[in-house]
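Let the sequences and hints guide you as you build the complete structure.
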Amino acid sequence: MSAPESEDAPFDVAALREDFPILEREVGEGTPLVYFDNAATTQTPNRVIDIFGEYYRGYNSNVHRGIHHLSQEASIAYEEAHDRMAEFIGASGGREEMIFTKNTTEAVNLVAYAWGLNELGEGDEVVLTEMEHHASLVTWQQIAKRTGAEVKYIRIDDDGRLDMDHAAELIGPDTAMVSVVHVSNVLGTVNPVEKLAGMAHEQDAYIFVDAAQSVPNRPVDVEELDADFLAFSGHKMAGPTGIGCLYGKKAILEDMEPFLYGGEMIEKVTFEDATWNELPWKYEAGTPLIAEGIALAEAADYVDDIGIERIQAHEERVTQYAYEQLDAIDGVEIYGPPLGEDRAGLVAFNIEGVHAHDLSSILNDYGVAVRAGDHCTQPLHDALGVSASARASFYLYNTREEVDTLVEGVEAARDIFQQ
Amino acid sequence: MSMGSDMYRQQILDHYRNPRNYGDIENPTFSHVGHNTSCGDEIEFDVMLADDGETVDAVAFSGDGCAISQAAASMLSTELPGMTLDEIRALDRDDILDLLGVEVTPMRVKCAVLAEKVVQDGAKIYEGELETAETTTE
Numbered sequence: 001m002s003a004p005e006s007e008d009a010p011f012d013v014a015a016l017r018e019d020f021p022i023l024e025r026e027v028g029e030g031t032p033l034v035y036f037d038n039a040a041t042t043q044t045p046n047r048v049i050d051i052f053g054e055y056y057r058g059y060n061s062n063v064h065r066g067i068h069h070l071s072q073e074a075s076i077a078y079e080e081a082h083d084r085m086a087e088f089i090g091a092s093g094g095r096e097e098m099i100f101t102k103n104t105t106e107a108v109n110l111v112a113y114a115w116g117l118n119e120l121g122e123g124d125e126v127v128l129t130e131m132e133h134h135a136s137l138v139t140w141q142q143i144a145k146r147t148g149a150e151v152k153y154i155r156i157d158d159d160g161r162l163d164m165d166h167a168a169e170l171i172g173p174d175t176a177m178v179s180v181v182h183v184s185n186v187l188g189t190v191n192p193v194e195k196l197a198g199m200a201h202e203q204d205a206y207i208f209v210d211a212a213q214s215v216p217n218r219p220v221d222v223e224e225l226d227a228d229f230l231a232f233s234g235h236k237m238a239g240p241t242g243i244g245c246l247y248g249k250k251a252i253l254e255d256m257e258p259f260l261y262g263g264e265m266i267e268k269v270t271f272e273d274a275t276w277n278e279l280p281w282k283y284e285a286g287t288p289l290i291a292e293g294i295a296l297a298e299a300a301d302y303v304d305d306i307g308i309e310r311i312q313a314h315e316e317r318v319t320q321y322a323y324e325q326l327d328a329i330d331g332v333e334i335y336g337p338p339l340g341e342d343r344a345g346l347v348a349f350n351i352e353g354v355h356a357h358d359l360s361s362i363l364n365d366y367g368v369a370v371r372a373g374d375h376c377t378q379p380l381h382d383a384l385g386v387s388a389s390a391r392a393s394f395y396l397y398n399t400r401e402e403v404d405t406l407v408e409g410v411e412a413a414r415d416i417f418q419q
Numbered sequence: 001m002s003m004g005s006d007m008y009r010q011q012i013l014d015h016y017r018n019p020r021n022y023g024d025i026e027n028p029t030f031s032h033v034g035h036n037t038s039c040g041d042e043i044e045f046d047v048m049l050a051d052d053g054e055t056v057d058a059v060a061f062s063g064d065g066c067a068i069s070q071a072a073a074s075m076l077s078t079e080l081p082g083m084t085l086d087e088i089r090a091l092d093r094d095d096i097l098d099l100l101g102v103e104v105t106p107m108r109v110k111c112a113v114l115a116e117k118v119v120q121d122g123a124k125i126y127e128g129e130l131e132t133a134e135t136t137t138e
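From first to last, the protein sequence lines are chains U and W. Just so you know, we're using this note's numbering here: the first sequence kicks off at 1 and counts up by one. Just so you know, we're using this note's numbering here: the second sequence kicks off at 1 and counts up by one.
Simulated from the structure, these hints should not be mistaken for laboratory data. Everything numeric in this text was worked out from a predicted model, so none of it was measured. No false leads were slipped in.
Label-pair ranges, simulated between beta-carbon atoms:
1. Q203(U) with T136(W): 38 to 46 Å
2. D94(W) with P32(U): 27 to 35 Å
3. E333(U) with T55(W): 44 to 52 Å
4. D86(W) with G353(U): 34 to 42 Å
5. G353(U) with P106(W): 23 to 31 Å
6. T136(W) with I67(U): 48 to 56 Å
7. A168(U) with D64(W): 31 to 39 Å
8. P106(W) with G53(U): 26 to 34 Å
9. G340(U) with D94(W): 49 to 57 Å
10. D94(W) with E333(U): 32 to 40 Å
Looking from chain U toward chain W, a few residues come up when the C-beta cut is under 8 Å (computed):
11. H355
12. S361
13. I362
14. D365
15. G373
16. D374
Residues of chain U placed beyond 10 Å of chain W at every Cβ, according to the derived structure:
17. A9
18. A14
19. L33
20. I49
21. A77
22. E87
23. G94
24. E122
25. H166
26. D174
27. E254
28. E278
29. E324
30. E408
Every residue, glycine too, gets a C-beta built ideally from N, C-alpha and C.
Spelled out as structure tokens, the structure:
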């Protein structure tokens, strides 16, 4: 059943794998790593890792502080990284629409605190989906509690797609914010964000798109989607940890209050008051993650050099193979929509009689790294009627041979528990 | 290096599939529930003390989760009757790992110790030394 990488592959995976030295390592004696936990974090190519050495050895300096040479070099590189990331997601406003945050979670919190706490009140509604990650679910839930606003959840249907009739019922005159995940980190569902944005805007509500699982592996254009806010993390797109992005429409960001106060984000300060710096620095208080920001721009270059459409095509190819192989195993239940255009590169599943954590422990013997648990979506798992699932998620360097190893491990786990 | 598969020896699978003392006790002396937040394991222990007020007469547990957490609860439930609350509180991590009789991989130790912690916290709450709260292991 082995499926060699054929000539119709979108790119030479073996050559790309050489960019990722970690993929060469073993995780047990004679057990090569099979890294299928990419929805949690992706591996980092050499040229992104190299940025850290170049920065710290060559021009490490605080940004926007000194007028000395090093600070100028660091400032320019850091600012240009914002332009690069804005371009990466089609934001024509450039750096003014691109705020660097710690991660997607912080980006949601930034909007929830800066906009939500100030603008939401009783009678307002925030519309989420049942498949939201805790990053937005918990954040909006708690902001709603503090402001008296109400949170509503768009239902998912039996295939793990959003019930768009229910969405049309929920998004109404009282809706102030629609916050949706672009690609579900459990179901793999690609949600119709453009449609939801239209529905939100018809009611003069904003739409926030959690794009943590979409920006790394498919073309995302904030202006085509007409997103008011869109967030993603660097470490899920071949970039470093500690850096994420928040896109916001310029007009909204200009009006919004700051999130964190301090240095860098101010224009003029007296003992009595302060005014705010221009975009995006108004939202980046304190010394930012300079090397991480520059390295993230390098990750965007890396992804674009390969080609985001080709990465998507490759992921779909591996995912399709994994889906079909796992689906053929007795007792395996896969969550989310069947294979098709609206399914992204991950497969969450359970085997009857084997808890996901036990499965993961056995898969580890085969070198296979998967995520097992509730994947930061406890309410979704409640809706699915399971406490945990195992998730294999793929990226540009994964192969179908690796999927064969996963399948071997899954069958071994089934056999152990059936003995 | 220990292998993950090595954990699933016959005794573990037997207790996982046929848990001993599974269910509830009507009007228990005390009852306590705990979660393993990373796995979603859940275990509740009902404990009935003998007339002396310190010796365990009977226990029952219910729960849901991985084989390690559920087998540990089942095995522990067979050891508890006849033990005093002081003895229960003196149990440590190695006691439960010895009881399991397999080498538990480091990432799974939290699954193994959940049952023990639930019973110990339940005993402490009963004796008024711990505020009522759900037990969690991370």
